[in-house]
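Required output: the full structure, derived from the provided sequences and hints.
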Amino acid sequence: EVQLVQSRAEVKKPGESLKISCKGSGYSFDTYWIGWVRQMPGKGLEWMGIVNPRDSESKYSPSFRGQVTISVDKSIKTAYLHWSGLKASDTAIYYCARRAYRSGSVYFDYWGQGALVTVSS
Amino acid sequence: QSALSQPPSASGSPGQSVTISCTGTRNDIGGYSYVHWYQQHPGKAPRLIIYDVTERPSGVTDRFSGSGSGNTASLTISRLQADDEADYYCSSYAGSNNMKIFGGGTKLTVL
Numbered sequence: 001e002v003q004l005v006q007s008r009a010e011v012k013k014p015g016e017s018l019k020i021s022c023k024g025s026g027y028s029f030d031t032y033w034i035g036w037v038r039q040m041p042g043k044g045l046e047w048m049g050i051v052n053p054r055d056s057e058s059k060y061s062p063s064f065r066g067q068v069t070i071s072v073d074k075s076i077k078t079a080y081l082h083w084s085g086l087k088a089s090d091t092a093i094y095y096c097a098r099r100a101y102r103s104g105s106v107y108f109d110y111w112g113q114g115a116l117v118t119v120s121s
Numbered sequence: 001q002s003a004l005s006q007p008p009s010a011s012g013s014p015g016q017s018v019t020i021s022c023t024g025t026r027n028d029i030g031g032y033s034y035v036h037w038y039q040q041h042p043g044k045a046p047r048l049i050i051y052d053v054t055e056r057p058s059g060v061t062d063r064f065s066g067s068g069s070g071n072t073a074s075l076t077i078s079r080l081q082a083d084d085e086a087d088y089y090c091s092s093y094a095g096s097n098n099m100k101i102f103g104g105g106t107k108l109t110v111l
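Residue numbers (my numbering), protein chains in the order written: chain A, 1 to 121; chain B, 1 to 111.
Bear in mind the hints are in silico, worked out from the structure with no lab data behind them.
A portion of the hints provided could be inaccurate.
Away from chain B, derived, C-beta distances all over 10 Å, residues of chain A [to be verified]: (1) 18; (2) 31; (3) 88; (4) 91; (5) 102.
Chain A side only, calculated, beta carbon under 7 Å to chain B, not exhaustive [what the hints assert, rightly or not]: (6) 41; (7) 45; (8) 47; (9) 61; (10) 95; (11) 105; (12) 107; (13) 109; (14) 111; (15) 114; (16) 118.
If you want the footprint, here are the derived chain B segments under chain A, 3+ residues with CB under 8 Å [said to hold, decoys possible]: (17) 50–64; (18) 100–108.
Don't be surprised by glycine CBs; every beta carbon is placed ideally from N, CA and C.
See the structure below:
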């Protein structure tokens with residue numbers, strides 16, 4: 001069974017750093033890119049970026065480039081989303097998801113349970 | 001890149017059908033047959049229910065169907081049930097950097 005298990009909820013202060021994780025199981029981890037999606041309170045989904053577990057290549061939405069870092073450690077089948085200096089506006093639920101590929105089409109076929117990040121002084 | 005346009009809300013009674021639209025441009029929906037739909041119940045993670053405009057993943061009921069024409073895609077839910085009450089998001093390929101964009105979401109209420 002394909003599973004993506006994310007790290008627990010976090011409460012941080014503005015300016016602090018944070019790395020949240022997403023561990024895959026039940027499939028060949030380095031065959032599928034992993035993506036991250038933000039959902040701010042009461043709002044919709046936003047595509048942040050993706051990472052290739054095979055070679056750690058990452059791609060970002062222009063809205064998130066330079067704001068976060070997406071990385072992966074394929075030896076432990078885990079992807080990460082990292083902030084070096086959190087802002088209150090980073091308060092949101094962050095989902096990781098497996099990116100499926102079919103004939104040029106890509107979509108998220110399995111999702112993690114989400115990790116709530118709260119940034120407050 | 002702008003989000004795809006969805007109606008903020010939709011509703012229907014049990015047993016009825018409802019259709020949710022998703023409008024983009026020739027740079028996303030109109031340029032590629034890569035429109036996907038996700039269902040999200042309150043407090044839960046999104047779930048893929050339609051991919052590539054019309055395809056259903058294994059295990060998804062055939063009450064969900066997708067269609068598309070030009071710059072618009074649609075999700076139809078037939079024989080509405082109470083459990084269909086959720087938020088629905090469309091998504092499309094945005095062309096550059098393998099980026100995807102989402103619609104703003106439609107909150108479906110089953111009356």
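Verification of the supplied hints:
no., hint, verdict
1, 18, "holds (20 Å)"
2, 31, "holds (16 Å)"
3, 88, "holds (22 Å)"
4, 91, "holds (16 Å)"
5, 102, "violated (7 Å)"
6, 41, "violated (12 Å)"
7, 45, "holds (4 Å)"
8, 47, "holds (5 Å)"
9, 61, "holds (6 Å)"
10, 95, "holds (6 Å)"
11, 105, "holds (4 Å)"
12, 107, "holds (4 Å)"
13, 109, "holds (5 Å)"
14, 111, "holds (4 Å)"
15, 114, "holds (5 Å)"
16, 118, "violated (16 Å)"
17, 50–64, "holds (count 3)"
18, 100–108, "holds (count 6)"
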